[in-house]
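Protein chains in written order, with the UniProt record's numbering: chain A, 1 to 313; chain B, 1 to 313; chain C, 1 to 313; chain D, 1 to 313.
All the given hints hold, so there is nothing to weed out.
Pairs of lysine-lysine residues, derived as DSS-like cross-links and limited to a Cα-Cα distance of at most 27 Å, are as follows: (1) K256(D) / K293(B); (2) K99(B) / K293(C); (3) K293(B) / K99(C); (4) K82(D) / K82(A); (5) K293(D) / K99(A); (6) K228(B) / K293(A); (7) K256(C) / K256(A); (8) K228(C) / K204(C); (9) K293(C) / K256(D); (10) K228(C) / K256(C); (11) K256(A) / K294(B).
Calculated from the structure, these hints are not laboratory results.
Bear in mind that the values here come from a model prediction, so they are computed numbers and not experimental data.
What follows is each chain in one-letter form.
Number of protein chains: 4
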Amino acid sequence: MSNRVWRIAKHEGIENLRLTTEDVPKPGPGQVLLRVRAVALNYRDWAVLNGFYPRPYAEEGRLIPCSDAAGDIVEIGEEVTKVKKGQRVCSLFFQTWFKGELEEEDMLQTLGAPIHGVLAQYVVLNQDGVIQFPDFLSYEEAATLPCAALTAWQATYVTTRHVGPHCTTLTQGTGGVSIFALQFAHLGGNRVIITSSSDEKLAKAKELGADDFINYRKTPEWHQEARKINDGRGIDNVIEIGGPGTINKSLLAAKKYGDVQAIGFRTEGTDTNVATAMVYNCSQVHGIFVGNKKMFEDMNRQGNPQAQSEASD
Amino acid sequence: MSNRVWRIAKHEGIENLRLTTEDVPKPGPGQVLLRVRAVALNYRDWAVLNGFYPRPYAEEGRLIPCSDAAGDIVEIGEEVTKVKKGQRVCSLFFQTWFKGELEEEDMLQTLGAPIHGVLAQYVVLNQDGVIQFPDFLSYEEAATLPCAALTAWQATYVTTRHVGPHCTTLTQGTGGVSIFALQFAHLGGNRVIITSSSDEKLAKAKELGADDFINYRKTPEWHQEARKINDGRGIDNVIEIGGPGTINKSLLAAKKYGDVQAIGFRTEGTDTNVATAMVYNCSQVHGIFVGNKKMFEDMNRQGNPQAQSEASD
Amino acid sequence: MSNRVWRIAKHEGIENLRLTTEDVPKPGPGQVLLRVRAVALNYRDWAVLNGFYPRPYAEEGRLIPCSDAAGDIVEIGEEVTKVKKGQRVCSLFFQTWFKGELEEEDMLQTLGAPIHGVLAQYVVLNQDGVIQFPDFLSYEEAATLPCAALTAWQATYVTTRHVGPHCTTLTQGTGGVSIFALQFAHLGGNRVIITSSSDEKLAKAKELGADDFINYRKTPEWHQEARKINDGRGIDNVIEIGGPGTINKSLLAAKKYGDVQAIGFRTEGTDTNVATAMVYNCSQVHGIFVGNKKMFEDMNRQGNPQAQSEASD
Amino acid sequence: MSNRVWRIAKHEGIENLRLTTEDVPKPGPGQVLLRVRAVALNYRDWAVLNGFYPRPYAEEGRLIPCSDAAGDIVEIGEEVTKVKKGQRVCSLFFQTWFKGELEEEDMLQTLGAPIHGVLAQYVVLNQDGVIQFPDFLSYEEAATLPCAALTAWQATYVTTRHVGPHCTTLTQGTGGVSIFALQFAHLGGNRVIITSSSDEKLAKAKELGADDFINYRKTPEWHQEARKINDGRGIDNVIEIGGPGTINKSLLAAKKYGDVQAIGFRTEGTDTNVATAMVYNCSQVHGIFVGNKKMFEDMNRQGNPQAQSEASD
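Just chain A, with the same shape it has in the complex (with noise of 0.2 Å):
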């Protein structure tokens, strides 16, 4: 039995990517051994690729990039109590940061870089490194909960307290996380209001759930839009995924005491007045970086999305 794994000959762009065939590894004490059945990929994984994604790197020059996987459990190795084989799993983006607060030293576990990742037929993870989803997804659907679908929950359940019928939420644009917050505040009875620059997307986000739509090429001055629709109270939690530039007027859509998430792995840029905007606002800025296995098993415990939609019929 052979395994096919992509690793990073140089961290110098996609030309340097490798894919090799090696010995299928096995799982030691403790761990178990994942045959990778789905993989998705974040900007992150461009970064480590092209090198600018902040040292160390393990192993520079034979790195195995990303860290969202699902996939099944085909082997354990000795002491392995908590997962079974059989079971379907995703990787955990931190392999260490499993409840409380984010240590540094989480900060050198992770998946795809410092440590190596899960672009490979068959990898060895820590039985606490991986965690169960729910039956109704499927491979692909359940490869992009590590790190898009956990960020998004994080801000949306964790570092706001403005959940509920009486809140509203904006999120910016449709990349992955911007489309999970969407739903997940949509299922917690917030109203939400997205932002685009393509009709057809917000077309798209209306189906999933959202209430009101802004096309940010039309409407520049999205902020001032978001509080008109909002009856001008200002929002209650802005997630905030725009590049530079954009967080000034996330800190002008949120109402006084809103929270501003600030998230993903942002090119570098420069704000004008960020800090006085928060003054006059009274602002509650957050950062979030992905987050812990005991988030990701409050996020799993939705269920079915078939049983939610009866629910609340």
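Assemble the complex: chain A is given as a structure, and chains B, C and D must be docked to it using the hints.
Frame of chain A, contents of chains B, C and D only:
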């Protein structure tokens, strides 16, 4: 134009309630004249009528009872800027608690005792002591908001962080607070377990959105059943409205760090080992006393149930 | 009896400040006449005088400047129940923000702009717009409380949970807010690091209770030095009062989940990669806008510094 | 080298405690050998010895009792990276609760029951199950940290926001938790009221930093006295360690929204109208079960009391 008014001649039972005919009062500066269209009754009103609600009562011998009214503003005094003639409003239980924390002074400004209540055709209230209610509610429906709904709102959205599709709320019985709590928790995506001694009432609760049902007559150890239903997890938020004796089971039903919301004007009684249950369970117990105007505004923002159900399709 | 009053004829520099002699105003119902004994100046007053503080200004052409006064109540209007003639009081910066969250309407009720300020011998204020100050303070001392002290109080006790002997506070420079923050944090048992460009001022800060000192002229990478002093842990609470450019270093000085308190009416400017720093650090950034009357009451409750130092012997 | 070990032959009283001589155990991978130098006793140990502490007990018939030890690491197993030979450490009461929330599984990993305790010359513990203590503490002093001090720490710094010179803490009696709570609250600038039945003990509490004193034998209505001492305000944080019956008075002593910390393994008993007191007082009651390792690290960071007193000069 005359004004029919109910007053309590002696706090010794319902036979001491007197219907009098009086002049319609004039609103002073900052005041409004409310044409009462509906009044909702609470157990507290019974306690006042029978003299076992804690004194003082303003004007003993002719107190106007009841706190929860809905009606029309038919006249406004000078300097009234916040409401208009013709608006449909509810009375506030606390006439002076608008935001932030409840103060001792506010305890002396509650309608129906100590100060005069709303069981009359016309009453004068401060402009700050009323609040508009949503258009889709009738007077009868709106009259139930000031105590029952607002208490339930505080217990499901203010004194808990357990809101969302990953959380379970348990609510006791089918009284006003419980039925509101069921619906509010449901709107926030929570799974809702309800208890009752009547299967018929449980069936009605199902129509209102409850997910799971325990007949506590048939299942006296309802707290164990609740944990079982909820995958053994323990309940995130318990709406504790029972008489003496229930609180211990509520504490045992709750998950570690779960919230238990102590609610209601209660009959006297004893509980056993309450503190011990709290310690083992890392409980968070909150005393709930209706709510302030800011919470009422949040509650009202839920909008039309019609719109709501469309949103969740 | 006459009243000398300073008014701003044009918002174009200090030469437009006019001293006029006027009648002493009469307090109306619910109002008090304050004999001003001391006025403290803030950078904001300079901005108003020079017209770069955001408008509107009430009565442009004759605005009375300044917000922070201490004095005596020399006359009270009808219906005044909360204060008495003869009491020594401070003005409140926000004349209508008493408790709970700041509202948009409160922004229009700040002394010295938009509404008339306190740079006069006699001013009339609402009884709710003043607050008694502790006996052991002089008028000059008390006049510094309404903005500088209250802002520092909010940033050290309200918008942070990092209070106690296990926590470290870093405060920037030796301006009013910073010096108050140093002393307040010290009273709560926090270790305090202070930065300044002057060794002399740092020596003075040591007398006031600071534990560690960084001359940021000698050590431009003060954020790294702060972490080093604090055993590499990162700072629990950073009082960010710098101009543009500081906030990035503040974010890097803070520990994961540390609080950064964005304070002050600031000059314009740009910051680089602010959001990225937040994400990696799980930052919690809070915009601080002075504070409400309830916070002022809490702050005043600290009692006599004499008693305080006895208590800690 | 031999190892003297105390074991409980039957959970039926102190005469069943047996001193045995055994081999010194060997630390396995990730484990350390602790040379115990001091053990502190808790009421819980008595309950285990007498069989009224909730079961299960591991190895009934030969359980090693007690949870709180201080000693030296004299040998380390393979793969031990977090501690070193020669370090002075305490045992952790919860051997598996390091951060975040307590889980059900952690309840089965507490020293002295269910799992074996520390009343022996040598015990083996996981490297994560011990924590270094500050240099200025003796073994005897350090042995009191794992339960008594950590419980007090959680109740004064973790489950309350009432920390600082504007807050008042009331602590009951002069047992271990109470005496620690007094000192911790004092370090955070809180005013401290302590109750006792002995004037002598109150005098001793004064030396430790308490500000106000109530002899509850002489003043049975100590809750009213506490409010009076505190300007009628009500107490911000009540450390409730009484037996049954105290909690009601604690609830009445607390200010509106005040915290009541329910602490301790308690004798059985009943309380009257507990929930009613909570409702009127908007109480926040927290069950406290010792604490996690992260809290222990925070507690240890207070540093040398010498340094502390210098800092406050």
